[in-house]
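Peer 1: Each chain is listed here by its residues.
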Amino acid sequence: MHLTLKKCVLLLVLLTGMQWCRSQINCRVFTDSSHIKACLLYNASDSFFQGSRKAQQYLDSAIRICPDFAEAWREISVPYLKRGDFFTWRAYMDRAVALKPYPFLGVRGWCRFKFLRDYEGALIDLQKFDTISGFHPAYSGDGNYHLYVVMALCERELGNYPQALHYFSLGIDSILSQQGQSWVGFSDYLHRAVTKMRMKDYEGALSDLDNQIKKYDNFAEIYYYIGLIHGLMHREKEALTDLEKAKTLVNSGHHLSDIYCELPDEVFITDIEEAISRIKKL
Amino acid sequence: MALCRTPLKQTPITAWLLVLIVICNNISAQTKAERYKGVDSFPSNTGDIAFNTALDDPSFTVCNPQIVLQYYNTTSYYKQHKREIEHYFKSHYQPGTETADQSGYVTIRFIINCSGQTGRFRMYELDTGYKPFTFHSAISDQLMKLAKNLQGWQPAVYKGKTYDSYQYITFTLKKGLIECISP
Chain A
1 MHLTLKKCVL LLVLLTGMQW CRSQINCRVF TDSSHIKACL LYNASDSFFQ GSRKAQQYLD
61 SAIRICPDFA EAWREISVPY LKRGDFFTWR AYMDRAVALK PYPFLGVRGW CRFKFLRDYE
121 GALIDLQKFD TISGFHPAYS GDGNYHLYVV MALCERELGN YPQALHYFSL GIDSILSQQG
181 QSWVGFSDYL HRAVTKMRMK DYEGALSDLD NQIKKYDNFA EIYYYIGLIH GLMHREKEAL
241 TDLEKAKTLV NSGHHLSDIY CELPDEVFIT DIEEAISRIK KL
Chain B
1 MALCRTPLKQ TPITAWLLVL IVICNNISAQ TKAERYKGVD SFPSNTGDIA FNTALDDPSF
61 TVCNPQIVLQ YYNTTSYYKQ HKREIEHYFK SHYQPGTETA DQSGYVTIRF IINCSGQTGR
121 FRMYELDTGY KPFTFHSAIS DQLMKLAKNL QGWQPAVYKG KTYDSYQYIT FTLKKGLIEC
181 ISP
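Going down the list, the protein sequences come from chains A and B.
The working numbering applies: residue 1 is where the first sequence begins, and numbers increase by one.
The working numbering applies: residue 1 is where the second sequence begins, and numbers increase by one.
Calculated directly from the structure, the hints in this document are not laboratory data.
Any given hint could be a false lead.
[As the list claims (entries may be wrong)] Calculated lysine-lysine pairs in the DSS-like style (CA-CA distance at most 30 Å, straight line): (1) A:54 <-> A:37; (2) A:280 <-> B:79; (3) A:247 <-> B:79; (4) A:215 <-> A:245; (5) B:90 <-> A:280; (6) A:281 <-> A:200; (7) A:200 <-> B:90; (8) A:54 <-> B:159; (9) B:37 <-> B:145; (10) A:247 <-> B:90.
With the sequences and hints as input, model every part of the structure.
Peer 2: Right, dumping it as structure tokens:
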């Protein structure tokens, strides 16, 4: 079935919502009274807006009753992260990680990557998480990326291109062979293509962009980066056609986007206009 | 008659016992210090910035203090104009000298009111390990001044109505240079 961008975006929003609006915990699994009480308070906090006084009070009470209840530490931290208070976020989140490295080390690593672009710190967390997960680190909190792809992007931004390609291979090729095309992330081929472009492997980058088109072809970033690569290969006429297509797609709302942060390799209309102007001057 | 207390005979065993007791007391004290005491009062919403006469311009008003959205609740001006905002800061910011140890995160959080005016600016400074840090004032004051002078903000809009909203900008600094701007 060919998915439209709108359907994909709705699916992503749904997945994001599912991840951020955490699910309720089955409190019957606990046998001691403090865990049961904390669990019930944690579930009840979900009745209030995230970050509201009531929600935070419920979570605070859950922690006071049962300081071992990692989920409450994690949940109380989230509004601080989303609202730029990274000190308080870390204070709470670190307690969750200390109590339950699996899965919260992976969550912290991903948050450091996404919200702070702390590539070095994120990579340390994710590499440890990779080990404790038995080398099956699963997906990011928003469901957009396999964590190997996040690790690849961290390595890329730190300038370690061969290591980035190693993680891309684990996050794309291994997933493709073991689980099939539908498990490869929405924009993973694009990110690997941008990495190869930076490595001046233009043919390799175009090959990955071709894979991206086969996977899903209707967003501006694909044509923006094809345009840049054609420009670098001195195929200016093709580059301008690609960039104009990217411009049309951005103007019609078909581009990478996230409600919290700028996404990796996301392009803005000004990026496209600058590229067009630069190539026209050649 | 003066009472003389017989001094405790210092044998190797008593000495070790004393050391053990001191260590145990220290561990116990540390555990107590780390024990979660809870928060006495949370703000109405996490991250709320109350008016402070010492810090804030009294002419800046919030249209509806009961409903101040977060930037991610609607399509925000910041997200749509990030490149222009990045360009503004990077082109105006001038790193000073002696910046070798000036690395970490500077976050400026503020309100955009329903008319697109900005106010109630607050700054949070952290080192690369997310610990509180004080950057040279040449860096922090400059970033704050640039943030306050940035014009052109537009209010958050939801279902055709304008709202006040919170926005934050984080500068990742490496040796005094702006490495990136987020979110």
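Peer 1: Each hint needs a verdict: does it hold in this structure or not?
Peer 2: Hints, verified against the model:
1. Between residue 54 (chain A) and residue 37 (chain A) the alpha-carbon distance is near 17 Å, which keeps this suggested pair within the 30 Å criterion.
2. Under the criterion of a C-alpha separation no larger than 30 Å, the hint pairing residue 280 (chain A) with residue 79 (chain B) is consistent with the structure, at around 28 Å.
3. Only pairs whose Cα atoms come within 30 Å are accepted, and residue 247 (chain A) paired with residue 79 (chain B) is accepted, the gap being roughly 18 Å.
4. Simply put, residue 215 (chain A) and residue 245 (chain A) have alpha-carbon atoms about 18 Å apart, close enough for the 30 Å limit, and the pair holds.
5. Using a Cα cut-off of 30 Å, the hinted pair residue 90 (chain B) and residue 280 (chain A) holds, with the two alpha carbons roughly 26 Å apart.
6. Taking the CA atoms of residue 281 (chain A) and residue 200 (chain A), the gap is about 22 Å. The hint holds against a cut of 30 Å.
7. This hinted pair checks out: residue 200 (chain A) and residue 90 (chain B) have alpha carbons roughly 27 Å apart, not beyond 30 Å.
8. Under the criterion of a C-alpha separation no larger than 30 Å, the hint pairing residue 54 (chain A) with residue 159 (chain B) is consistent with the structure, at around 27 Å.
9. For the proposed pair residue 37 (chain B) and residue 145 (chain B), the alpha carbon gap of about 37 Å is over 30 Å, so the pair is violated.
10. With a C-alpha separation of about 25 Å, the suggested pairing of residue 247 (chain A) with residue 90 (chain B) holds against the 30 Å cut-off.
Hint compliance for this structure: hint 9 alone is broken.
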